[in-house]
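2 protein chains.
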Amino acid sequence: MSLIVRQLTVVGVGLIGGSFALALRAAGVVERIVGLDSDRSNCELALSLGIVDEICDDPRSAVAGADVVFISVPVCSIASVLRSIAADLPPGCIVTDGGSVKAAIVSECDALIPPGCSFVGGHPIAGTEKSGAAAAFSGLFRAKRSVLTPGATSSDRALDTVTRLWTAAGAEVCRMEAQHHDRIFAEISHLPHAIAYTLVHAVGTADVEGENVLSYTAGGFRDFTRIASSDPAMWRDISLMNKQALLASIDGFSASLAELRRRIAGDDRDGLTEFFTTAKKFRDGIV
Amino acid sequence: MSLIVRQLTVVGVGLIGGSFALALRAAGVVERIVGLDSDRSNCELALSLGIVDEICDDPRSAVAGADVVFISVPVCSIASVLRSIAADLPPGCIVTDGGSVKAAIVSECDALIPPGCSFVGGHPIAGTEKSGAAAAFSGLFRAKRSVLTPGATSSDRALDTVTRLWTAAGAEVCRMEAQHHDRIFAEISHLPHAIAYTLVHAVGTADVEGENVLSYTAGGFRDFTRIASSDPAMWRDISLMNKQALLASIDGFSASLAELRRRIAGDDRDGLTEFFTTAKKFRDGIV
Numbered sequence: 019m020s021l022i023v024r025q026l027t028v029v030g031v032g033l034i035g036g037s038f039a040l041a042l043r044a045a046g047v048v049e050r051i052v053g054l055d056s057d058r059s060n061c062e063l064a065l066s067l068g069i070v071d072e073i074c075d076d077p078r079s080a081v082a083g084a085d086v087v088f089i090s091v092p093v094c095s096i097a098s099v100l101r102s103i104a105a106d107l108p109p110g111c112i113v114t115d116g117g118s119v120k121a122a123i124v125s126e127c128d129a130l131i132p133p134g135c136s137f138v139g140g141h142p143i144a145g146t147e148k149s150g151a152a153a154a155f156s157g158l159f160r161a162k163r164s165v166l167t168p169g170a171t172s173s174d175r176a177l178d179t180v181t182r183l184w185t186a187a188g189a190e191v192c193r194m195e196a197q198h199h200d201r202i203f204a205e206i207s208h209l210p211h212a213i214a215y216t217l218v219h220a221v222g223t224a225d226v227e228g229e230n231v232l233s234y235t236a237g238g239f240r241d242f243t244r245i246a247s248s249d250p251a252m253w254r255d256i257s258l259m260n261k262q263a264l265l266a267s268i269d270g271f272s273a274s275l276a277e278l279r280r281r282i283a284g285d286d287r288d289g290l291t292e293f294f295t296t297a298k299k300f301r302d303g304i305v
Numbered sequence: 019m020s021l022i023v024r025q026l027t028v029v030g031v032g033l034i035g036g037s038f039a040l041a042l043r044a045a046g047v048v049e050r051i052v053g054l055d056s057d058r059s060n061c062e063l064a065l066s067l068g069i070v071d072e073i074c075d076d077p078r079s080a081v082a083g084a085d086v087v088f089i090s091v092p093v094c095s096i097a098s099v100l101r102s103i104a105a106d107l108p109p110g111c112i113v114t115d116g117g118s119v120k121a122a123i124v125s126e127c128d129a130l131i132p133p134g135c136s137f138v139g140g141h142p143i144a145g146t147e148k149s150g151a152a153a154a155f156s157g158l159f160r161a162k163r164s165v166l167t168p169g170a171t172s173s174d175r176a177l178d179t180v181t182r183l184w185t186a187a188g189a190e191v192c193r194m195e196a197q198h199h200d201r202i203f204a205e206i207s208h209l210p211h212a213i214a215y216t217l218v219h220a221v222g223t224a225d226v227e228g229e230n231v232l233s234y235t236a237g238g239f240r241d242f243t244r245i246a247s248s249d250p251a252m253w254r255d256i257s258l259m260n261k262q263a264l265l266a267s268i269d270g271f272s273a274s275l276a277e278l279r280r281r282i283a284g285d286d287r288d289g290l291t292e293f294f295t296t297a298k299k300f301r302d303g304i305v
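Residue numbers (this note's numbering), protein chains in the order written: chain A, 19 to 305; chain B, 19 to 305.
Certain hints may be false.
[As the list claims (entries may be wrong)] In silico DSBU-like cross-links for lysine-lysine, where the CA-CA straight-line distance does not exceed 35 Å: (1) B:Lys162 x A:Lys298; (2) A:Lys299 x B:Lys299; (3) B:Lys261 x B:Lys298; (4) A:Lys148 x B:Lys162; (5) B:Lys162 x A:Lys261; (6) A:Lys299 x B:Lys298; (7) B:Lys148 x A:Lys261; (8) B:Lys261 x B:Lys299; (9) B:Lys261 x A:Lys162; (10) B:Lys261 x A:Lys148; (11) A:Lys299 x B:Lys261.
[Said to hold, decoys possible] From the derived model, a few chain A residues whose C-beta atoms are all more than 10 Å from chain B: (12) Leu21; (13) Gly110; (14) Cys135; (15) Ala273.
Rather than coming from a laboratory, the hints here were simulated on the basis of the structure. For glycine and all other residues, C-beta sits at the position ideal for the given N, C-alpha and C.
Please build the complete structure, drawing on both the sequences and the hints.
In structure tokens form, the structure reads like this:
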């Protein structure tokens with residue numbers, strides 16, 4: 019492929035940021051990649067692994083000469099990263115991110131981005147349980163979706179450039195409103211995590227005559243609750259940054275659970291068959 | 019190992035019943051195994067696979083000469099199987115089962131078992147996604163727990179024999195009250211299934227501006243909801259047969275979810291960190 023941009027600066031060279039850099043390098047669409055990471059040893063690892071060409075300690079010098087800056091840090095830090103680099107962004111620079119919450123981030127970043135620069139919200143739907151530069155690999159985004167949520171400062175040129183970068187990284191790009199994104203991911207990602215944490219919390223604190231009921235769990239429970247092993251701080255931040263949509267999803271779930279409870283309590287055999295069969299059809303439909 | 023019983027009759031030669039037969043045969047503790055199954059072709063398959071020595075169409079002749087009868091059919095059919103064979107059980111015959119609900123079954127079966135015979139409730143904590151004789155294998159119960167829930171008709175001899183059989187099959191046997199069993203498994207098995215079905219139901223019926231949100235799900239959602247692909251009729255029956263304990267577990271879960279919702283709505287950062295961290299500790303403790 020031919021060059022899309024000369025310099026990419028990646029802030030947060032972890033699984034996502036590092037894999038983005040590796041994928042773009044493999045595709046030959048970026049000339050030079052600069053890395054910046056609050057974790058010095060992770061940043062040095064990224065350099066030694068050839069993920070980036072150069073590393074910087076200072077946010078301002080890291081963005082000097084950048085055509086595109088990819089911010090791949092925890093959701094609650096994305097706006098503050100932009101705040102720390104905004105004054106030093108080169109004219110025409112495009113800033114994009116990889117956060118899994120979009121409306122709050124797009125709104126904050128649109129307010130911070132200087133005139134002449136563009137912010138394009140992004141969310142690649144990919145990941146593994148691992149983290150850090152050591153976990154990065156160029157194929158992470160292949161055949162995965164990457165959602166872009168253009169805002170007030172997303173110029174056509176910026177949107178086109180970010181789209182071409184994700185496409186070069188192997189992803190299928192789709193665009194939607196940030197709030198629409200947040201409602202969808204509240205349902206399919208944030209709600210399931212909230213439910214998994216709640217289930218383990220409820221079962222772990224259940225008092226069945228003083229017995230540790232978790233000692234009876236087998237593989238099924240372990241698989242079902244795997245996502246409750248995720249980073250608590252990350253899910254605290256996602257929950258708060260997507261509060262309204264997540265609360266609506268929790269309320270929808272609670273209404274469904276109340277309906278199931280009513281059918282069990284009322285010995286409603288047909289109603290239970292219908293409930294479980296409908297759910298199974300939805301589940302089997304996504305495999 | 020030396021012989022524990024001469025004849026075992028297995029009613030329902032599927033994954034559990036077939037694996038029990040194979041494990042006992044491999045251990046050399048049973049002389050002859052007779053199989054009975056409402057699915058004729060599954061029964062013939064069990065015979066051709068060497069899982070059983072002989073098959074019968076007729077429940078009454080299947081139990082002739084049986085020292086132990088293992089009933090491994092759906093939970094709502096266990097008592098009716100016993101009803102169909104009760105009059106023909108040889109004197110001293112021991113009947114046991116593999117149902118995942120115990121109090122209702124033990125109570126019904128204790129009322130049906132003839133004088134001089136014994137019923138011992140059982141629940142091996144093992145399984146795979148597969149079913150039928152073709153899925154059976156002798157190692158299914160190795161290092162797994164098998165719970166026995168003695169009732170009014172469980173003689174010491176019967177309890178000892180069933181314990182030795184499960185031990186010979188590779189399982190670690192533990193004994194508890196049937197109601198205690200049902201409360202534990204409501205928490206760690208029946209509740210998670212109810213929650214998985216409810217989650218898929220809620221997400222599948224969520225209306226996010228007419229979009230099919232399930233089309234955005236990735237591997238995490240698929241793994242998390244795998245158990246919602248289980249047989250709806252089976253979970254309808256388990257839900258109804260363990261109604262009181264399951265309703266209590268659902269109420270405990272709902273209280274935890276309401277607490278999480280309160281902390282999200284109130285921007286309670288410390289409270290959310292504490293909630294997710296506690297859950298993660300429970301989860302990591304069972305790995």
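Evaluated hints:
A threshold of 35 Å between alpha carbons decides the hint, and for Lys162 (chain B) with Lys298 (chain A) the separation of about 28 Å falls inside it, so the pair holds. For the hint pairing Lys299 (chain A) with Lys299 (chain B), the CA-to-CA distance comes to about 33 Å; that is within 35 Å, so the pair holds. In summary, the hint linking Lys261 (chain B) to Lys298 (chain B) is supported, as the alpha carbons are separated by about 29 Å, within the 35 Å threshold. For the given pair, Lys148 (chain A) sits about 30 Å from Lys162 (chain B) by alpha-carbon distance, which is consistent with the 35 Å threshold.
Proximity of Lys162 (chain B) to Lys261 (chain A) is assessed by CA-CA distance (about 42 Å); at most 35 Å being required, the pair is judged violated. Taken as a hint, the Lys299 (chain A) and Lys298 (chain B) pair is honoured in the structure, with Cα atoms around 30 Å apart against an allowance of 35 Å. Between Lys148 (chain B) and Lys261 (chain A) the alpha-carbon distance is near 40 Å, which puts this suggested pair outside the 35 Å criterion. Between Lys261 (chain B) and Lys299 (chain B) the alpha-carbon distance is near 29 Å, which keeps this suggested pair within the 35 Å criterion.
Restraint check: the Cα-Cα separation between Lys261 (chain B) and Lys162 (chain A) comes to about 42 Å, which exceeds 35 Å; the hinted pair is violated. Using a Cα cut-off of 35 Å, the hinted pair Lys261 (chain B) and Lys148 (chain A) is violated, with the two alpha carbons roughly 40 Å apart. Distance restraint check for Lys299 (chain A) and Lys261 (chain B): the Cα-Cα separation of roughly 24 Å lies within the 35 Å cut-off, and the hinted pair is therefore satisfied. Distance to chain B confirms Leu21 (chain A) as a non-interface residue, since its nearest Cβ pair spans about 31 Å, more than 10 Å.
Consistency note on Gly110 (chain A): stated as away from chain B, and its beta-carbon is indeed over 10 Å from all of that chain's, at 32 Å minimum. Chain B leaves Cys135 (chain A) outside its interface by the beta-carbon criterion, the shortest separation being 29 Å against a cut-off of 10 Å. For Ala273 (chain A), the requirement that its beta carbon stay farther than 10 Å from each beta carbon of chain B is not met, with the minimum near 8 Å.
Of the numbered hints listed earlier, those contradicted by the structure are 5, 7, 9, 10 and 15.
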